[in-house]
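> Please arrange chain B on chain A, whose structure you already have, making use of the hints.
Protein chains: 2
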Amino acid sequence: MINTLIKNIQEKNAPIVVGLDPMMNYIPTHIKESAFKEYGETLKGAGEAIWTYNKGIIDATYDLIPAVKPQIAMYEQFGIEGLIAFHKTCEYAKEKGLVVIGDIKRGDIGSTSEAYAVGHIGKVQVGSQTYQGFPEDFVTVNPYLGTDGIKPFVDVCKKENKGIFVLVKTSNPSSGEFQDQMVDGRPLYELVAEKVVEWGSECMGDTYSNVGCVVGATYPEMGKVLRKLMPKTYILVPGYGAQGGQGKDLVHYFNEDGLGAIVNSSRGIIAAYKQDKYARFGEASYADASRQAVVDMLDDINGAIGRK
Amino acid sequence: MINTLIKNIQEKNAPIVVGLDPMMNYIPTHIKESAFKEYGETLKGAGEAIWTYNKGIIDATYDLIPAVKPQIAMYEQFGIEGLIAFHKTCEYAKEKGLVVIGDIKRGDIGSTSEAYAVGHIGKVQVGSQTYQGFPEDFVTVNPYLGTDGIKPFVDVCKKENKGIFVLVKTSNPSSGEFQDQMVDGRPLYELVAEKVVEWGSECMGDTYSNVGCVVGATYPEMGKVLRKLMPKTYILVPGYGAQGGQGKDLVHYFNEDGLGAIVNSSRGIIAAYKQDKYARFGEASYADASRQAVVDMLDDINGAIGRK
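These protein sequence lines are chains A and B, in that order.
Positions in the first sequence are counted from 1; adding 107 to them yields my numbering.
Positions in the second sequence are counted from 1; adding 107 to them yields my numbering.
Warning: the hint list may mix true and false statements.
[Claimed, not checked] Keeping only pairs whose Cα atoms sit at most 25 angstroms apart, straight-line, the calculated DSS-like set for lysine-lysine is:
id, chain 1, residue 1, chain 2, residue 2
1, B, Lys355, A, Lys144
2, B, Lys384, A, Lys195
3, A, Lys265, A, Lys114
[Claimed, not checked] If the Cβ cut is set under 10 angstroms, some of the chain B residues that face chain A in the computed set are:
id, residue
4, Leu150
5, Val225
6, Gly226
7, Lys381
8, Gln382
[What the hints assert, rightly or not] Cβ-Cβ distance ranges computed for the label pairs, FRET-style:
id, chain 1, residue 1, chain 2, residue 2, range
9, B, Glu390, A, Asp291, 48 to 56 angstroms
10, B, Asp383, A, Asp313, 24 to 32 angstroms
11, A, Asp406, B, Glu309, 43 to 51 angstroms
12, A, Gln232, B, Pro242, 23 to 31 angstroms
13, A, Lys266, B, Asp383, 30 to 38 angstroms
14, A, Lys266, B, Glu309, 44 to 52 angstroms
15, B, Met130, A, Arg387, 38 to 46 angstroms
16, A, Lys266, B, Lys384, 50 to 58 angstroms
17, A, Asp403, B, Glu145, 49 to 57 angstroms
18, B, Gly413, A, Gln232, 43 to 51 angstroms
19, A, Asp403, B, Asp313, 51 to 59 angstroms
20, A, Glu140, B, Lys265, 29 to 37 angstroms
21, B, Lys265, A, Asp166, 51 to 59 angstroms
22, A, Gln353, B, Lys331, 31 to 39 angstroms
Since the hints were derived computationally from the structure, they do not count as laboratory data.
Just so you know, even glycine gets a beta-carbon here, dropped at the ideal spot from N, CA and C.
Looking at chain A on its own, in the form it has when it is part of the complex (with noise of 0.2 angstroms):
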């Protein structure tokens, strides 16, 4: 999968990822009012309003991305209404050529981890018959509890080519809590990285590893120790835009192939048109808003790494 990944990041010459992670207040009144119309102000309204907002999304944006994250806690939220509209979202991005990515930071002992690799990027088994839980192409996945817990994943990747992005420094504030405490010297962060090459060595694609990780842009030093420590591994990175990271601080998350990163905005794409900058738009243009915000997003990125 992470052929595919890449393939479209070549062929859109963008390496970024769009976020959808609609919080009530972004999406605009006439959607709202048009759901609840239908629903009333229930969960299945709440449902039927982020889908409608997440499809103009995609529409005015498919052809200039080659991926979107969809946050599954923003959707499970609302209960199992909220989760047909993931399901929904995940599968309308997919039939748009887009890869999926979903962003739901799981991670068990062993056996439970099985449960959820074959529910999100697996099949699962119902007497004779096979199903998808949930159908997302890479999912990203919590390390603490260590190598039993992510390999029934990779193994997973392994069978149906899908794809992981293991969390090794998140872009919040607190990640270092944990994450930055010094072991031997170095880093916890660093240790759970050489594990996802490790893990990754096992489920390669042509280039890079179907086993990516997750760096935050809000931590540049430590990304450009951390692309030198794991060459062949694409690096997820959330942060950009609104939690601060800008295209400049992004240069050293990508290899000299141009490769090996893949930035992720959400909020300031999806609520663009909140901005000043693109208040000219105004809500009901929300989705024209969004592919500006895009567009400017590719010139900031591709600019900084010099791939205009």
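Just chain B now, kept in the frame of chain A:
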């Protein structure tokens, strides 16, 4: 919510929790056949079989136990239909007076953790209405992202009188890979434990905190140390039974008040009928076998901690 859990434990003299982690191969043939006859070998059929199976176990054991711990991965692997079975199971357990510990091991950056917290132990806003996405009383939480990934859960606990169990030292074989790494002469899991105490101090029940932790039964020496480090933290103990832990290993997970720990068994209870020891019950009476396994587990643990 910790007060309610403790009250349940004391009334039933049962410091245990039954892990509702259904696997298709645990479910008796007659239940699967009946579900597949109605819905086919579909995800809906699987969800129906899981729900019927769980209901049987709850009906046969609820008077003996304080709580159940459904592992969401085992439901999530069947997609939306599996999660409907999860939701029904949680609701039904609550109707029977049980505390529901959702084993979800979520954890993310702040705004995302907030969505998980709202979705599982809080209430989500839709227009002028509020709803519960999923109806758990406690959830398990992964600490790898640090304080700002945990605080949103604690805030919801305070607001809604709910609780969490933070992973400190997990029961699986490779849990030591990162959790045991030495930081300034102390294992990382002790640093996490100290943070758990800090987070928990703002969310106290009468004698214990609503912020508990997870320490596996498979590491009794570490459990002993952690017990002393966190005197007011309830410990959720996985790894009993099928994973190898026994009552005698668990003595030091409890405080002198006979409280402070709740021991989980999943497979050992819900698939008891598959063990030689309970084969006499037969597949059709799987729930009676589960009841007997609960009785035996209580004997073992209450015996070991001198609580009989």
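> Taking the hints in turn, state whether each one holds.
Evaluation of the provided hints:
1. Lys355(B) with Lys144(A): With a Cα-Cα distance of about 60 angstroms, the restraint between Lys355(B) and Lys144(A) is violated, given a limit of 25 angstroms.
2. Lys384(B) with Lys195(A): violated, 46 angstroms
3. Lys265(A) with Lys114(A): holds, 19 angstroms
4. Leu150: Where the cut-off is 10 angstroms and the nearest Cβ of chain A is about 5 angstroms from Leu150(B), the hint holds.
5. Val225: holds, 5 angstroms
6. Gly226: holds, 3 angstroms
7. Lys381: violated, 15 angstroms
8. Gln382: Violated, because the Cβ-Cβ distance from Gln382(B) to chain A comes to roughly 17 angstroms (cut-off 10 angstroms).
9. Glu390(B) with Asp291(A): 48 to 56 angstroms: holds, 52 angstroms
10. Asp383(B) with Asp313(A): 24 to 32 angstroms: violated, 51 angstroms
11. Asp406(A) with Glu309(B): 43 to 51 angstroms: holds, 45 angstroms
12. Gln232(A) with Pro242(B): 23 to 31 angstroms: This hint holds: roughly 29 angstroms between Cβ atoms.
13. Lys266(A) with Asp383(B): 30 to 38 angstroms: Check passed, 33 angstroms falls within 30 to 38 angstroms.
14. Lys266(A) with Glu309(B): 44 to 52 angstroms: holds, 45 angstroms
15. Met130(B) with Arg387(A): 38 to 46 angstroms: For Met130(B) and Arg387(A) the Cβ distance comes to about 55 angstroms; the hint is violated.
16. Lys266(A) with Lys384(B): 50 to 58 angstroms: Violated, since Lys266(A) and Lys384(B) (Cβ atoms, about 35 angstroms apart) do not stay within the stated range.
17. Asp403(A) with Glu145(B): 49 to 57 angstroms: For Asp403(A) and Glu145(B) the Cβ distance comes to about 54 angstroms; the hint holds.
18. Gly413(B) with Gln232(A): 43 to 51 angstroms: holds, 45 angstroms
19. Asp403(A) with Asp313(B): 51 to 59 angstroms: holds, 55 angstroms
20. Glu140(A) with Lys265(B): 29 to 37 angstroms: holds, 34 angstroms
21. Lys265(B) with Asp166(A): 51 to 59 angstroms: Because 41 angstroms falls outside the window, the suggested range is violated.
22. Gln353(A) with Lys331(B): 31 to 39 angstroms: Violated - the Cβ-Cβ distance for Gln353(A) and Lys331(B), about 49 angstroms, lies outside 31 to 39 angstroms.
Hint violations for this structure: numbers 1, 2, 7, 8, 10, 15, 16, 21, 22, all remaining hints satisfied.
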